[in-house]
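Required output: the full structure, derived from the provided sequences and hints.
Chains as they are written, first to last, in my numbering: chain B, 361 to 886; chain X, 113 to 314.
Since the hints were made in silico from the structure, they are not lab data.
Be aware that a few hints might be false.
[Unchecked claim] Pair ranges (Cβ atoms, derived):
hint, chain 1, residue 1, chain 2, residue 2, range
1, X, R263, B, A799, 21 to 27 Å
2, B, P374, X, G201, 46 to 52 Å
3, B, Q628, X, G259, 45 to 51 Å
4, X, R263, B, R416, 46 to 52 Å
[Claimed, not checked] Okay, the calculated bits of chain X under chain B, using three or more residues with CB under 8 Å as the criterion:
hint, stretch
5, 208-216
6, 264-276
[To be verified] Just some of the chain X residues that point at chain B, by a computed CB distance under 8 Å:
hint, residue
7, V223
8, V285
9, I297
10, G298
Beta carbons: idealized from backbone N, C-alpha and C, even for Gly.
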Amino acid sequence: MTRQIVDAATLERPLKLEADAVVVGTGAGGAVAAEILAQAGLRVVMLEEGGYQTARDFTLRELDANTELYYDSGSRTTRDGAITILQGRTVGGSTTVNWTSSFRAPDETLSHWRSAHGVEGLGSADLAPWWRRLEQRLNVAPWAVPPNPNNAALARGCARLGYAHAVIPRNVRGCRNLGYCGMGCPVNAKRGMLVTTVPGALDAGAVLVTHARADRVLLRGDKAVGVEALALDARSVHPTGHTITVAARFVVAAGGAINTPGLLLRSQLPDPHQRLGKRTFIHPVNLSTAILPETVDGFSGAPQSVYSDQFLWRDGVTGRVGYKLEAAPLYPMLTLSLMGRMGRELLQRFGGRYRNGQVLIALLRDGFHEQSQGGQVLLRGDGSAVLDYPLTDYLWEGLFDAYLHMAEVQFAAGATEVLPFHLDAKPYGSLAEAKAGIAALPAKPVRGAIFTAHLMGGCGMGNDPKTSVITGAGRHHQLEGLAVIDGSMFPTSLGVNPQMTIYGIASRNATQLARDLGGKVKEAAA
Amino acid sequence: MNATGGWRDVTAPAAQPQRPWPHSTRRQLLQVGFLGSLALSSAGFLAALMGRAQAQAALAFFRPEDEPLARGVIRSLLAGILPADPGAGARAAEAALRTSDRYFSALSPAVQAEARQALDLLNLAPVRWLGGVWSPWEAATVGQINGFLERLRTSRFTTARQLYLLLAGVATVGWYGQPASWPGIGYPGPPVVERPQGENPL
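Okay, structure coming up:
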């Protein structure tokens with residue numbers, strides 16, 4: 361069957377389509393759901409805000425990748441500009457540009473969802489069969505190649521300090537160890553949605569509409585009956601004036617934890633308990649740069665292959681915020697524009713030693729404590745969604761603890777200098793100096809350079825409609841005909857990179873949905 | 113399969129509520145972006161003052177009135193980083209401006225609007241004076257502009273630091289986003305690899 365892909369940027373008149381299910385978004389949640397529904401014999405339309413770019417199109421140049429594959433050129437931010445959000449906007453969503461880390465959700469997190477949020481049937485044992493199948497399909501395995509020097513430094517530092525560390529499982533097959541995962545895999549080694557479930561859905565008859573920004577869910581009474589989308593220009597920036605209307609028996613919202621709540625808010629769906637868009641989590645990330653005596657070339661080789669969970673549960677599940685340590689690639693524009701934030705002197709100094717640079721990141725596990733209620737998705741005057749995310753004292757405590765431990769690991773790995781990414785930091789020549797310096801840094805927004813690449817929550821699941829937006833099966837509490845199948849389902853963050861958890865829950869929920877819609881679900885997928 | 117009957121009602125405009133904004137009071141709608149009300153309140157005033165040029169802009173994001181500031185920040189923040197030869201340095205600065213323009217013009221419309229409000233604010237003479245720059249941006253020295261940038265960067269006001277991040281981004285994205293900057297930092301550029309042919313594999 362010829363794959364049906366419509367580029368809405370080229371539309372010269374409104375487009376009207378009919379389907380059993382319309383799926384908004386082609387990332388980790390949407391593409392998995394679309395394939396399962398289409399393979400069950402249901403008519404599926406996928407709407408994607410980005411373009412259909414494949415291995416042939418990925419130039420591996422940061423400027424091209426940022427402007428073509430990411431939201432807001434890779435610099436989407438929270439409302440006050442304090443946190444930079446790396447989010448894919450292309451077919452395959454963030455799975456096309458992620459760094460391939462593939463972890464199952466921790467038992468601690470899933471148990472907490474049951475005890476604190478009333479989420480039943482989502483224990484590790486319940487998800488295990490779904491994960492096993494996906495891990496096989498996506499070729500997930502601990503990275504068998506020696507880590508690049510950037511990741512090796514994390515392993516070496518942890519080993520010398522007696523800190524736990526391990527090899528990261530990656531979803532790659534025939535990986536050439538190039539290191540450019542963040543700009544789209546040029547050899548189709550990354551087993552993201554772009555090369556797995558999206559073509560799977562297309563081959564099962566699904567229609568993909570690109571450059572289509574879902575504007576609102578169409579309603580009839582208390583039922584969702586389709587989606588209206590705006591056709592965008594070829595850069596996914598400005599609407600062309602044409603609309604795409606998909607009439608469907610069922611709507612699957614899967615645009616990620618900012619865009620899904622945004623779509624639902626714009627559509628004025630019932631929200632009697634004012635839960636929509638609340639408790640949005642991001643794994644706030646801070647960074648620490650080191651200068652190593654040897655050449656690191658942090659842009660080359662698998663970007664993430666070593667992690668440390670030494671501090672992830674440092675004070676129990678619901679105590680002080682814990683964090684996961686990983687490495688981050690040193691792509692030049694990203695790294696040096698970050699350095700530029702710290703002033704021209706440091707930009708010049710570190711630009712001259714770029715190849716010796718080493719970067720660690722700490723991902724904070726938000727949402728497990730009463731002082732970590734996450735952010736809230738709001739609508740701007742033009743209807744676009746924006747995340748308001750306050751950094752509380754509770755989170756700052758974790759960020760400062762992480763600055764300290766990243767510096768400790770980097771010095772243990774042989775660093776001659778360590779520079780926490782904070783507007784007021786200086787390069788420190790010893791751990792003692794770093795301890796004193798970090799303790800004196802002010803905890804203020806737009807001073808620390810804080811990032812996220814993980815969007816979760818905002819349409820949290822739970823049994824009680826007073827505290828959640830959707831059921832554990834992903835269905836909207838009040839509205840018929842609508843499911844949320846993406847990271848916005850999560851009642852807290854995860855404590856690990858989220859793609860595997862989204863795949864697992866999406867597979868389970870979409871399989872049930874396919875049955876409910878009268879589809880023929882193969883036994884293998886049951 | 114069509115369990116719910118015909119579709120025509122669904123797509124008929126009358127059957128649907130009007131777009132909820134900007135009239136809705138049911139949801140909290142943001143009227144101001146991350147650059148705050150200060151930028152917003154000055155924007156209209158400034159636009160009126162400058163008689164917003166109707167001229168065809170050569171750039172997609174930066175307006176003609178933004179160019180002196182953008183060029184000033186590029187030549188100042190990147191002084192000592194851009195090529196020392198005056199001709200080569202000027203060409204590099206120009207290329208950085210074009211690169212930055214491509215980056216900013218790919219932002220979503222609301223974010224572009226916020227960034228333009230910030231540039232409007234920075235184009236107000238009193239704002240420049242507060243930062244110790246007395247001459248217009250095109251006549252300001254590298255030292256003056258870098259002094260201005262440092263004041264923004266180290267300010268206790270969040271808005272000032274937000275303005276710094278914007279301006280630093282104009283220079284650093286513009287320069288490090290293009291191959292001309294790569295030899296200076298020892299970055300060899302992306303590897304050349306043979307691409308797969310045919311349709312995407314399953």
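Checked hints:
{"no.": "1", "hint": "X:R263 - B:A799: 21 to 27 Å", "verdict": "holds (26 Å)"}
{"no.": "2", "hint": "B:P374 - X:G201: 46 to 52 Å", "verdict": "holds (51 Å)"}
{"no.": "3", "hint": "B:Q628 - X:G259: 45 to 51 Å", "verdict": "holds (50 Å)"}
{"no.": "4", "hint": "X:R263 - B:R416: 46 to 52 Å", "verdict": "holds (47 Å)"}
{"no.": "5", "hint": "208-216", "verdict": "holds (count 4)"}
{"no.": "6", "hint": "264-276", "verdict": "holds (count 6)"}
{"no.": "7", "hint": "V223", "verdict": "holds (5 Å)"}
{"no.": "8", "hint": "V285", "verdict": "holds (5 Å)"}
{"no.": "9", "hint": "I297", "verdict": "holds (4 Å)"}
{"no.": "10", "hint": "G298", "verdict": "holds (5 Å)"}
When each numbered hint is compared with the structure, no violation occurs for any of them.
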